[in-house]
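Turn these sequences into a full structure, and let the hints steer you where they fit.
Chains as they are written, first to last, in my numbering: chain A, 8 to 288; chain B, 8 to 288; chain C, 8 to 288; chain D, 8 to 288.
Calculated directly from the structure, the hints in this document are not laboratory data. In this text, a Cβ means the ideal position worked out from N, Cα and C, and glycines have one as well. Some hints could be false.
Stated by the list, open to error - Calculated Cβ distances over 10 Å to all of chain C for the following chain D residues:
1. K132
2. F148
3. D188
As the list claims (entries may be wrong) - Here are the simulated lysine-lysine pairs, BS3-like style, with alpha carbons at most 30 Å apart:
4. C:K27 - B:K15
5. C:K283 - D:K104
6. C:K27 - A:K25
7. C:K63 - A:K25
8. B:K25 - D:K63
Protein chains: 4
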Amino acid sequence: MELWYTEKHTDTVDFSIKVKKHIYSEESPFQTIDFFESEEFGTFFTLDGLMMVNEKDEFVYHDMITHVAMATNPSIKRVLVIGGGDGGTVRELTRYKHLEKIDMVEIDEMVVRACEKYLPITACKLHDPRVSLYFEDGLAFIHGKVNEYDLILVDSTDPIGPGEGLFSEAFYKDCYTALADNGILINQHESPYYPNYAREMKRSHSKIEKIFPISKVYQFHMPTYPSGHWLFGFASKTLDPIADFDPKAWEAFGLETKYYNTELHTGCFALPTFVKKLLKE
Amino acid sequence: MELWYTEKHTDTVDFSIKVKKHIYSEESPFQTIDFFESEEFGTFFTLDGLMMVNEKDEFVYHDMITHVAMATNPSIKRVLVIGGGDGGTVRELTRYKHLEKIDMVEIDEMVVRACEKYLPITACKLHDPRVSLYFEDGLAFIHGKVNEYDLILVDSTDPIGPGEGLFSEAFYKDCYTALADNGILINQHESPYYPNYAREMKRSHSKIEKIFPISKVYQFHMPTYPSGHWLFGFASKTLDPIADFDPKAWEAFGLETKYYNTELHTGCFALPTFVKKLLKE
Amino acid sequence: MELWYTEKHTDTVDFSIKVKKHIYSEESPFQTIDFFESEEFGTFFTLDGLMMVNEKDEFVYHDMITHVAMATNPSIKRVLVIGGGDGGTVRELTRYKHLEKIDMVEIDEMVVRACEKYLPITACKLHDPRVSLYFEDGLAFIHGKVNEYDLILVDSTDPIGPGEGLFSEAFYKDCYTALADNGILINQHESPYYPNYAREMKRSHSKIEKIFPISKVYQFHMPTYPSGHWLFGFASKTLDPIADFDPKAWEAFGLETKYYNTELHTGCFALPTFVKKLLKE
Amino acid sequence: MELWYTEKHTDTVDFSIKVKKHIYSEESPFQTIDFFESEEFGTFFTLDGLMMVNEKDEFVYHDMITHVAMATNPSIKRVLVIGGGDGGTVRELTRYKHLEKIDMVEIDEMVVRACEKYLPITACKLHDPRVSLYFEDGLAFIHGKVNEYDLILVDSTDPIGPGEGLFSEAFYKDCYTALADNGILINQHESPYYPNYAREMKRSHSKIEKIFPISKVYQFHMPTYPSGHWLFGFASKTLDPIADFDPKAWEAFGLETKYYNTELHTGCFALPTFVKKLLKE
Numbered sequence: 008m009e010l011w012y013t014e015k016h017t018d019t020v021d022f023s024i025k026v027k028k029h030i031y032s033e034e035s036p037f038q039t040i041d042f043f044e045s046e047e048f049g050t051f052f053t054l055d056g057l058m059m060v061n062e063k064d065e066f067v068y069h070d071m072i073t074h075v076a077m078a079t080n081p082s083i084k085r086v087l088v089i090g091g092g093d094g095g096t097v098r099e100l101t102r103y104k105h106l107e108k109i110d111m112v113e114i115d116e117m118v119v120r121a122c123e124k125y126l127p128i129t130a131c132k133l134h135d136p137r138v139s140l141y142f143e144d145g146l147a148f149i150h151g152k153v154n155e156y157d158l159i160l161v162d163s164t165d166p167i168g169p170g171e172g173l174f175s176e177a178f179y180k181d182c183y184t185a186l187a188d189n190g191i192l193i194n195q196h197e198s199p200y201y202p203n204y205a206r207e208m209k210r211s212h213s214k215i216e217k218i219f220p221i222s223k224v225y226q227f228h229m230p231t232y233p234s235g236h237w238l239f240g241f242a243s244k245t246l247d248p249i250a251d252f253d254p255k256a257w258e259a260f261g262l263e264t265k266y267y268n269t270e271l272h273t274g275c276f277a278l279p280t281f282v283k284k285l286l287k288e
Numbered sequence: 008m009e010l011w012y013t014e015k016h017t018d019t020v021d022f023s024i025k026v027k028k029h030i031y032s033e034e035s036p037f038q039t040i041d042f043f044e045s046e047e048f049g050t051f052f053t054l055d056g057l058m059m060v061n062e063k064d065e066f067v068y069h070d071m072i073t074h075v076a077m078a079t080n081p082s083i084k085r086v087l088v089i090g091g092g093d094g095g096t097v098r099e100l101t102r103y104k105h106l107e108k109i110d111m112v113e114i115d116e117m118v119v120r121a122c123e124k125y126l127p128i129t130a131c132k133l134h135d136p137r138v139s140l141y142f143e144d145g146l147a148f149i150h151g152k153v154n155e156y157d158l159i160l161v162d163s164t165d166p167i168g169p170g171e172g173l174f175s176e177a178f179y180k181d182c183y184t185a186l187a188d189n190g191i192l193i194n195q196h197e198s199p200y201y202p203n204y205a206r207e208m209k210r211s212h213s214k215i216e217k218i219f220p221i222s223k224v225y226q227f228h229m230p231t232y233p234s235g236h237w238l239f240g241f242a243s244k245t246l247d248p249i250a251d252f253d254p255k256a257w258e259a260f261g262l263e264t265k266y267y268n269t270e271l272h273t274g275c276f277a278l279p280t281f282v283k284k285l286l287k288e
Numbered sequence: 008m009e010l011w012y013t014e015k016h017t018d019t020v021d022f023s024i025k026v027k028k029h030i031y032s033e034e035s036p037f038q039t040i041d042f043f044e045s046e047e048f049g050t051f052f053t054l055d056g057l058m059m060v061n062e063k064d065e066f067v068y069h070d071m072i073t074h075v076a077m078a079t080n081p082s083i084k085r086v087l088v089i090g091g092g093d094g095g096t097v098r099e100l101t102r103y104k105h106l107e108k109i110d111m112v113e114i115d116e117m118v119v120r121a122c123e124k125y126l127p128i129t130a131c132k133l134h135d136p137r138v139s140l141y142f143e144d145g146l147a148f149i150h151g152k153v154n155e156y157d158l159i160l161v162d163s164t165d166p167i168g169p170g171e172g173l174f175s176e177a178f179y180k181d182c183y184t185a186l187a188d189n190g191i192l193i194n195q196h197e198s199p200y201y202p203n204y205a206r207e208m209k210r211s212h213s214k215i216e217k218i219f220p221i222s223k224v225y226q227f228h229m230p231t232y233p234s235g236h237w238l239f240g241f242a243s244k245t246l247d248p249i250a251d252f253d254p255k256a257w258e259a260f261g262l263e264t265k266y267y268n269t270e271l272h273t274g275c276f277a278l279p280t281f282v283k284k285l286l287k288e
Numbered sequence: 008m009e010l011w012y013t014e015k016h017t018d019t020v021d022f023s024i025k026v027k028k029h030i031y032s033e034e035s036p037f038q039t040i041d042f043f044e045s046e047e048f049g050t051f052f053t054l055d056g057l058m059m060v061n062e063k064d065e066f067v068y069h070d071m072i073t074h075v076a077m078a079t080n081p082s083i084k085r086v087l088v089i090g091g092g093d094g095g096t097v098r099e100l101t102r103y104k105h106l107e108k109i110d111m112v113e114i115d116e117m118v119v120r121a122c123e124k125y126l127p128i129t130a131c132k133l134h135d136p137r138v139s140l141y142f143e144d145g146l147a148f149i150h151g152k153v154n155e156y157d158l159i160l161v162d163s164t165d166p167i168g169p170g171e172g173l174f175s176e177a178f179y180k181d182c183y184t185a186l187a188d189n190g191i192l193i194n195q196h197e198s199p200y201y202p203n204y205a206r207e208m209k210r211s212h213s214k215i216e217k218i219f220p221i222s223k224v225y226q227f228h229m230p231t232y233p234s235g236h237w238l239f240g241f242a243s244k245t246l247d248p249i250a251d252f253d254p255k256a257w258e259a260f261g262l263e264t265k266y267y268n269t270e271l272h273t274g275c276f277a278l279p280t281f282v283k284k285l286l287k288e
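This is the structure in C-alpha cells:
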C-alpha cells in the first residue's frame with residue numbers, strides 16, 4: 008500500500024516518507040498529534056503535521072541539545088527542560104548520575120502519554136526519581152523563578168502554535184533570571200536555509216543576544232528537519248562553550264554517544280559564513 | 008500548474024521540488040541530462056534523475072571541494088578536476104590568481120555545453136586561459152601520469168553509471184602517482200545517513216586509506232543531497248589538513264566565500280561519532 | 008497534516024487521496040486490509056493497497072452489481088454472493104422483500120468484521136434473517152452445487168491474490184451448474200482503459216462466452232476505480248438483459264436508487280466501439 | 008527521472024501522470040499553455056494546469072462532441088466550433104463530406120499553433136478548405152449572428168478564465184439566435200461527481216433549459232478528466248436526439264469511430280439517477 012506522509016519544507020519543496028501504519032491521531036487542546044510507523048525512520052511522530060521525532064535520527068537532536076551544555080559545565084546539578092514531551096532530552100540528562108534535579112515542563116500531557124506508549128526509545132526515563140513532570144505552560148512556570156537552575160533546555164516546536172511564546176524576549180528574560188550565575192540556556196534555534204526558518208533563527212538570536220552576555224549558535228545534521236541543517240542556541244551568563252570547555256572532564260563521565268563527541272563540541276560552533284552573516288543581520 | 012521533480016532518497020523517502028519549467032532533456036552517450044527551473048532552487052540539473060547542482064546551494068559544494076585543500080597548501084599551482092562538468096569547481100579555482108594550470112577532464116561534453124547555456128552561475132570560468140578542458144574518461148586520462156599535479160579534485164557523480172570507476176582502487180592509485188610529493192586528493196565521498204550512500208562512503212574510504220598515508224573525511228550541509236549530510240575525502244601524501252593549516256595564509260588571498268571560512272576549515276573535520284565508527288568499519 | 012494514499016493505476020499514473028486518519032491496518036491470512044478516513048470519499052478501505060469501497064461512490068457499484076439482474080428477472084428467489092465482504096451487495100439484495108435466500112461466501116472474515124465496525128453504510132444488513140455468511144473459499148463452496156441459485160453475484164477483487172480463482176473457467180462452469188435454468192451470473196469484469204485491466208477483462212469475457220449462451224457486458228462510472236470506466240459481465244442460460252427486461256416489473260418494487268434506473272438498464276449495455284472490439288478479440 | 012504532472016481534482020484528490028519531457032511552456036495573453044510527453048497518454052497539453060487533450064483518450068471527447076449531433080441531423084451543413092483549439096473537433100467534422108462550412112473561433116491562437124506542432128493527431132485538419140479559423144472572442148463573434156449555423160459546438164475549457172463567458176446566459180441566447188430553426192447546440196457540460204464541477208454542470212443546464220425547448224445531457228467515460236464521468240449538453244429548437252435519430256442515416260456515412268456508435272447514441276442519454284436529480288435542482 009502506498010501511504011505517504013509529506014512535510015512541506017516550503018510551498019514548493021516536499022519531503023515525503025512512506026508510511027506503513029498511521030498508529031495514532033488525536034487533537035489535544037494544543038495541537039494535532041500523529042504517530043506513524045515507517046521503514047526508513049521507524050516510528051515517528053508529528054505535531055500539527057511537522058516531523059518532531061523519529062527513531063532513526065532522534066539521537067542527533069538529543070545528543071546535541073544536552074551534551075554541549077553538560078560538557079561546558081560538568082558541575083550542573085539542576086536542570087529545567089521546557090517542552091521535550093518525547094522524553095529524549097530527559098533520557099540523555101538522566102545518564103549524568105551527578106544531576107540532582109530534572110524538571111520537565113511540557114504543556115501537552117497527551118504528547119508525553121503517546122510517546123510513552125509508542126516511542127519508549129525516547130520516553131523511557133521519565134520515571135527517574137530525579138525527574139519531576141509538570142504539565143503546564145512553560146512561560147508561566149518559569150516566570151518569577153530566581154536562581155533555580157544551572158541549565159535550561161528549551162526543547163520546543165517551531166514558533167507557531169504552542170511553541171510561540173518560547174521564542175519571546177520576555178521568556179528569555181525569565182530564563183536569565185531563573186538561571187544561576189553560571190547558568191546556561193540552550194534553545195531550539197531553527198535553521199538558516201529556507202527563508203521561513205532563517206527568519207525565526209534571526210529573530211530568536213537577536214533577542215537572546217540582548218539579554219545574555221554570551222550568545223552563540225551551533226549546528227548539526229538533522230536529516231529529517233527541513234534542509235537537514237539545524238541549530239541550537241547556546242546562551243550563558245559567564246561560561247563560554249569553547250573557552251571553558253574541558254574535554255577530559257566530560258570524557259570522565261564515560262558516556263557513549265552516537266553523535267556528540269568532544270571534537271565535535273568545538274567543531275559544531277564553526278558556522279558557515281552565510282549563517283554567521285544572517286545571525287549578524 | 009503542478010509539476011514536481013522527485014528524487015527518491017531511498018525507496019521510501021522522496022524529496023520533491025515543484026518545477027516551473029523543464030527546460031532541457033537529452034540523452035548523452037553517458038547519461039540522461041535534465042535541466043529545470045524552480046522557485047526555491049532556481050535552475051537545477053539532474054543526471055540520470057539525481058540532483059547535481061542548483062543555483063541555491065551550489066556554493067556549499069563548490070566552496071568545500073576547493074578551499075579546504077587550497078587553504079591547506081597555499082602553494083598549489085597545478086590542479087586537475089575530474090568530472091565537475093557544471094564548472095563550479097573550476098570557477099572557485101580560478102579565483103586563485105597564483106594557480107598556473109587547471110585541467111578539467113569531463114567525460115560528458117553535453118553536460119558542459121548545457122551548463123554553459125543554462126547554468127552560467129557555475130559554468131562562467133571555463134574560458135579562463137589557465138583552464139584546459141578534456142572531454143575524456145578521467146580514468147584513462149590520469150593513468151600513467153607522474154607527479155603532474157599538486158591537487159586532484161574528483162567532482163564525480165555517485166558510483167553508479169559513468170562515475171563508477173572514479174571510486175575504484177586502481178583510480179586512486181593513479182591519482183597517487185599523478186600527484187606531487189605534497190599532493191592532495193579531494194573526492195566526493197557520499198553520505199553517512201542512508202544505507203546505500205553510507206556503504207559507498209565506507210568502500211571509498213577504505214580504498215583510499217590503503218593508498219594515502221593521510222586520509223581524512225570532512226562534512227558539510229548540502230540541503231539538496233540525500234539527508235543533507237555530505238562528505239568529501241581529503242587524502243594526501245604528507246600534508247595534514249589541520250596540522251598544516253595556516254589560516255592567515257588563506258586569508259591573505261582575500262577571497263570572499265559564502266560557506267567556507269577558516270574556523271569551519273577545522274570544524275568540518277570534527278565528525279559525529281556514528282560517522283567515525285562507520286569509517287572505521 | 009499531509010498524509011496521502013496513492014493507488015498506482017499504472018506504473019506512471021497515480022491516483023492520490025488525502026487521508027485524515029489511517030484507522031485500521033491488518034494482515035489477514037489472505038491480504039492486507041487498511042481503512043482510512045478522507046474528506047472527499049469519507050471512510051474507504053483497501054485490500055493489498057487497492058481501493059475497494061468508499062462512502063462516496065459505493066452506491067454506484069452496488070446498484071449496478073445488483074439491480075440489473077434483479078430487474079431482468081424479478082422472480083429471483085435464491086442468490087449467492089461470492090466475495091463482497093463489505094456487505095454492500097447484500098444490503099442492496101435485502102431490499103427485495105421477495106428474496107428467500109441470500110448466501111454470501113467471503114474467504115476473509117476479517118474484511119467483514121472490519122467493515123461491520125468501520126463501514127456500517129455497507130455492512131448494515133448482514134444480519135438479515137435471509138442472509139447466511141460462509142467464511143470459505145468461494146471456489147470450493149460452489150463446486151458440486153446443482154441448480155441451487157437463481158442469481159450468482161461475483162463481487163471479487165482483481166484477478167491477483169485471493170480473487171484469482173474467481174476468474175477461472177472451472178469456476179464459471181461451476182457457476183453454470185449451480186444456477187437454475189433461468190439463472191444469471193454477474194461478475195466483476197474489470198475495465199477497458201488501462202492495458203492491465205483490459206487484458207483481464209478480455210480473458211474473463213472469453214471464458215464466460217464459452218460457457219453461457221448469453222454473455223454481455225455493461226458499463227458504469229466508478230470514479231475511484233482506475234480510469235473510472237468499469238464493467239460487469241452479465242451471463243445467463245436463457246434470459247437476455249434487454250429483450251427480457253420489463254421496466255414496470257422492477258419499478259413495482261418501489262426501490263429508490265441513486266445510480267440505477269430502468270433507462271440506464273438498457274443504456275449501460277451500449278458500449279463504446281473500442282470496448283466492443285476488445286471484447287471480440 | 009521522476010517528474011510528475013499533477014492535476015488536483017479536488018483539494019484532497021490528486022491525479023498524477025509521470026512525465027518524460029515538458030516540451031512547451033508559454034504564457035499566452037489568455038492562459039498558461041504546457042505540453043508534455045508521457046508514457047501512458049502520449050503527448051498531452053494543459054491550460055492553466057488542467058488536462059485538456061492527450062493522445063490516448065482524445066478520441067472519446069471528440070467523438071462525443073461531434074457525432075451525436077451529426078447523427079441526430081444528418082443534413083447539417085454549417086457548423087460553428089467555439090474553442091476547440093486543439094483541432095480535434097474540426098478533425099471529426101471534416102470527415103463528413105457533405106458539410107459546407109466549418110467556422111472555428113478560438114480566442115487563443117497560441118493554443119492552435121502549439122497543437123499544430125505537438126499534437127498533429129488532433130490539429131491535422133485545420134487546413135481543410137471548408138474550415139475558417141477566427142482567432143477572436145467567441146462571445147463577440149457570435150453576437151448578432153442570425154440563422155447562420157445548423158450546429159454550434161462549444162468546445163470550451165471550464166468556466167474559469169477564458170472559458171467563463173461561454174457558460175453565460177447571454178451567450179446561450181446568442182447561440183439560439185445564430186442557429187437555424189432545426190439548429191443544435193452542444194456544449195461542454197462538466198461533470199456530476201466532484202462538487203465544484205457539479206455546481207457548474209447545474210448552472211449551465213439551468214441556463215440552457217430556459218432558452219432551448221429541448222435540453223438534454225449525455226455522458227461518456229473520459230478517464231483523464233476529473234472523476235472520468237463527463238457530460239455534454241444537447242440543446243435544440245426542434246430536434247430530439249433520440250426521437251429524431253435515424254441510425255441508418257448515420258451509418259450510411261460509413262465513418263469508423265472508436266467510441267461513438269449508434270447504440271451508444273441512445274445509451275449515453277440514459278443518466279444515473281443522482282445525475283438526473285442534480286440537473287433538476
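- Query: What hint numbers does the structure not satisfy?
  - Reply: none
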